[in-house]
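Each chain, letter by letter, is given below.
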Amino acid sequence: MWAFIAKRLFHLIPILLGVSLLTFLLMSLTPGDYYTVLSQNPQVSPEKLAEMRAKRHLDRPWYVQYYYWLVHAVQGDFGESIAYKIPASQLITARMWNTFILSFCATVLAWGVAVPLGIWAAVQKDTWIDRLCALVAFLGLSIPEVLLALLALMFAYATGWFPVGGSQSAIYDIMSAGEKLWDRLHHLVLPTIVLAASELAGIMRQMRSNLLDTLRAEFVTTARAKGLSEGRVVYKHALRNAINPLLTIFGYSLAGLLSGAFIVENIMAWPGLGRLTMEALFAKDYELVVASVVMATALLVAGNFVADLLLAWSDPRIRLR
Amino acid sequence: MDELSTIPGKVLFQPQLEEHAGPWRLFWRRLKRRRIAMIGGILLIVLYTFALLAGFLAPYSYERQDRERFFHRPTGFRFAHGWLAVPRYEQVTGQFQYRPVPGDTKPLRLFVRSDAYRFLGFIPSTIHLFGTGDARYPVYLCGTDQFGRDILSRLLYGSQISLSIGLVGILLSFSIGMTVGALAGYYGGRVDNVIMRLCELIMSIPGLYLIMSLRATFPPKLSSTQVYLLIILILSFIRWAGAARVIRGMTLSLRERQFILAARALGQTTWQTIVRHLLPNTFSYAIVAATLSVPYYILGEVVLSFLNVGIQEPDASWGIMLNAAQNTEYLRSYPWLLAPGVAIFITVLAFNFLGDGLRDAVDTKTAA
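Residue numbers (the working numbering), protein chains in the order written: chain A, 28 to 348; chain B, 33 to 400.
Keep in mind that a hint or two might mislead.
Below 27 Å or equal to it, Euclidean Cα-Cα: the simulated DSSO-like pairs (lysine-lysine) are [as the list claims (entries may be wrong)]: (1) K64(B) <-> K152(A); (2) K64(B) <-> K311(A); (3) K263(A) <-> K253(A); (4) K82(A) <-> K311(A).
Hints listed in this document are in silico derivations from the structure and should not be mistaken for laboratory results.
Just chain B, with the same shape it has in the complex (with noise of 0.2 Å):
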């Protein structure tokens, strides 16, 4: 075909590049046209640069208490000296309300002094990207809790195990529900058999019955890190049983086709023809299914510490901080208290964007 093109004086055709594309690139292109992911991935990409930089980011430690400022609601900005000035706020007395003295600021500064952190988990810092570096004037973007707590500083810092807990999850269910689910499609018979029964077993529970249920065979006070590996466990345990079934029965009809065959005939394995050539083609699927079920890990963590019986104080993560605003009273007079739970709406939100569009980018039968 090249030599034909080449011939000089007569170019038979041109060649187009959009033949040498691969799977993959094509799989790209049509995702960059669906800007509904675009603004999902990018959402994602922002959320998850924020929990790796949480502790540069955040203006306190998550578990600074200032006793003087309970439900302290959010800090407002002036304009003065020539840029963004903090206000000092005085209590009210007898109440947990602030308000700010007039005339009385202090203007925020970049990069300053605060409590110690380490930045990316290893570097010792104590440098924070804003505040005032004095304690009189302290920034309350969202407020504080009722202990005092800056609830910024505890969104970012508890982001890390929120955000954090659904990509571990979504691996290690999905690695045990592709393999299950290939095994059992491929060998079929008793094996495949047990192996389904299972898993209708364990879909037919109400999903919230059995967490709850597996979470009490385990001590109810455990350290957050503890909690955190138990939480990705419970919640893998209950989710692999669905991909594994959806995966089994691509593996139904995979193990009939052709490339099978040759692959066996060339004497693969049968785990090398499984690795190598069946779980591929079932990649499009997982991606997507992946992407749509990190919210459930999400959402599983909140409820969890929610219920008290998932993340600890003084521990931050958006479901211990969520259980503040249990308190109805709490939740009338500060409703900052909810921030957590805007900020796992717009975490499952930019999941469902980035999963949906995935779908349509790997749905290659509706016109590219």
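This is chain A alone, in the form it adopts within the complex (with noise of 0.2 Å):
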């Protein structure tokens, strides 16, 4: 197991590297950058820009800026925002919380509600009960989380119950430790919900399906043969080997969870990862842009080893590969 896990890591080395230097090649292509804005303002002379640029090497090819930044941030150093005046890792350590968060409560919750309802949905098949989840899946999964977001907004407005976008209310910094925690929950509400909603459906349609091929099994065949009651072949035979399937699904529905979490946090004004790229794109600050993306695909590719020690652990087979 320990070996599976090295080489896992291992794994997870060139691809890290090759994903900041396409992105950095990508920066260093862009029209412009955060200079040409203030090189607009008299009051900052020529000179004075050549320097900034030349203590930032941005005045030298792409690939020597890369060899710079590369060496800052295997020593966790991402650079300083420019237009935060702040290194990029104190800045990217918060929103990358924040996008974790707000992607791992609606893992839980797409999982919670996805898997007993594609379990119900199989157990239940071809009833009135089965159709309903039907449908609700397809209309899950055509919803598009911008509009799914636009219409929780709209419902917090109206109705008041939920704050109006962000992550904390204007008097946070003086509210007791207590009240501080059932800010940030309430304020969590809604995003879960929305980013929750679009994952659910798929879930829950491989849930079922997985259970009903497995209904198909002989094993299934043999254990009601032996006379076990239907709940316990349902349950204890059939359901543990239906699980496993989803443990891939579990790793591929990671990298939509992220887009949709970036979706839902520039709507909803989430302050995570997603928001960050945006305004640091819009400000030119191409340092956090690319510790943003480079951030992004760490979540990603750590949820993926995740998803892969889980196959691994409940399936001995691919752990011999």
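Please assemble the complex out of the two chains, which come individually in their own frames, going by the hints.
Laid out in structure tokens, this is it:
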């Protein structure tokens, strides 16, 4: 098992390197930089501008810039955000945590609802419950996150039950610890639901079809022939085998989850990595963009890693490969 | 066989029609049985016809502003003159609220003359399907937006962008994905290794982060035609990787089959073998995957335009129209601004219906 973990971890290195290289290349192709705006300012002399550019190696070719960036990044220093004037890693840590919290809660909610619903639909195959679940799944798969997020905002605005966007109230800083926690949770509810809704449908359909496939297997017939109760057959024998392929889906769904979080963050003003990326792109703060794209990829790759571990843990055949 | 069955007086067996049906006929027969796929297909035909005839169906041009009626609510109908009629609305002073004037109506007419457009894109015309022909009695079936433009007309014109982007997108990404995937699978070795690592790299960056970074490498202000092509390029650049990986997997198993060996033994070039013999065997997968990935392009355009880096005003696309709904104040008071969201939802639903049915119809293992 340890050899497997080490091997998988080793695989992560070229991916992260490749992603940072690709993002860096893209950012160097981008027209203009943060100082282009400053150069319009008559109070800033061209010499001063050139000096500032040189300090950040912006006057050098992109691969030299990448080299400097990489050397620092390996030491945990992702450069300084030009717009915020603080180290990028500081900004990123806070935002990454927010994105993680949002994605994590959405995953828990989606799986917590989807798996039981999928099982229920499979057990009640071809009844109105199954049909209703199928319809809801289709609606959930088809409703764009943009629309759902807007509807959620509208709902919050109309009822006043939930805050309209953001992750904390204006008076957050003067709250007591308990109030702070409650405030954060209160802000988390709607974004989580929006993000979970689109994930939910896919997982539910997968769970249903997996369980139906397993119920057709011969060991299930054997279990029934032994005279076991239907409940025991489904929940004890079939379900355990049907859950296994879902772990693969878990890995795949993470990419969609992070892209979904990107949309939700931008519409519902949730200060996560996606929003930071957009802000940094508009401010032409490219070191920050590279850092946040790499970190978002790291989140995804880490999630996939966890999915792989779960899969290897549940299916010994994978460990041997 | 035929000789035997036609011996007079001795009908040995009745030839069955089923046996003559080719794979496509069988596929079509299975598809027809999926009611939900048929609903999706018909919906899509209707939507694409609407997009094609947008100029004629839309009562106004997409950029015509009614400066007296910002945020006009959807027009209601009255029964007058024995036919549908449109009431005149007057503005409640100082607000974007309008109420119908009792008794003051104008009959709705068909084939009225209004803003100029090009029918099917090249025939100049001014005839629209419906309208009142009087600017004081406008027909705004879905209301107007913050510039006083008819939302229904913009929806129809916008569908030309939003609906075509998916078709062009899958054509591009699947032709790249299938070619590259087939080459990787067919040659194997180093070619395969390099291509697959590249695919993994592209697929390991969360989609929208990569899309936005790619978008940033181009100037922010481009004409809508340029942005349109750019969006397709960017979205396809990311999407081909997934298709290539699956096609490669299929090719790996197909190339060991006898018919490929036979094709090569007959002296077909590598290219001929791949295009004529290998790729057709992956079509059933490709058609299903392509149908199910059209929504990705539609939603991609929506997100880019919604975040102000896609199609620009005053041009109409579903994404740029939803952009107005970003303002929570607008959203609450004028919920009809969400109409493009509903249009996107219906389109994506139709593609999912059709794609799901196609997948079942392609799958020959379950009973036909």
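Checklist entry - Which numbered hints does this structure break? => result Number 2 - this is the single hint that the structure violates.
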